[in-house]
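Work out the full structure: start from the sequences and follow the hints.
Note that the sequence shown ends on residue 243 in our numbering; no numbers are left out.
If you're looking for bench data, these hints aren't it; they were derived computationally from the structure.
Built from N, CA and C at the ideal position, the CB exists for glycine as well.
Each hint should be verified, as a subset may be incorrect.
Claimed, not checked - In the DSS-like style, the derived pairs of lysine-lysine whose C-alpha atoms are separated by at most 27 angstroms in a straight line are:
#	residue 1	residue 2
1	239	225
2	225	241
3	239	227
4	135	225
5	241	227
6	135	180
7	225	104
Unchecked claim - Simulated restraints on C-beta separations:
#	residue 1	residue 2	range
8	182	142	16 to 22 angstroms
9	69	234	38 to 44 angstroms
10	107	197	32 to 38 angstroms
11	190	214	31 to 37 angstroms
12	231	107	20 to 26 angstroms
13	146	88	21 to 27 angstroms
14	198	135	27 to 33 angstroms
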Amino acid sequence: MTTRQRRLGIVASTFSVAVACIAGDVALPTPQQAVEQLLRAEFAGRGDTRADLAIYSADYAVAKGYDRDPLGGYEVCWDCDPIVVVDSFEILDSKLVENAAAVNVEFHVLLRSEGTGDMHRDLVPARDEREQVRLLVTRKAACWLVLNPPEPRVSLDALLAFYQWEVDHTPQVFRSEAQRVAFEKTKETFEFLKEFAAKRKSP
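What follows is the structure, given as structure tokens:
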């Protein structure tokens, strides 16, 4: 059973835009703050923040396959969705025009995913690259939502913690060969991440 399948049993499959306008109990007053909160949450490994701080256009949702996703693209599956592993990020500047804004962010990229699904996704080292991304933000009622956000950017430490939890808490009795193979893939990715982290720390 995949992480996404496990979550389907406890996470509602529809999200209200009215609820999505609120982060906690406080409307976010600026586009830059909306972007920063989304980035900080995903950097720390939270996968549910897009339900509060993001919105997708119909065309973008279809292109990404979110229209076929019971979670609508608002819940990140850290072991099967496309992701980018980053060391840091910095908000460079922002430009506001009426009810829309653009916020430029620079990321220090460590790894990129290739493929999708818990059995077919691999993490590939980047060339210690800096990447600038322009995030669009749109106003909805009293709130700002990040429009069509790209693949989530997560820290190496947060992703390691996610895989550690998966390895430690997955029952060792499998109902099928597919489940056993999927768990082996999880362990393989966890070992790769540990080795990658150790190399970064070595002189």
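Under the constraints set out in the numbered hints, which ones does this structure not fulfil?
Failing hints, ascending: 4 and 12.
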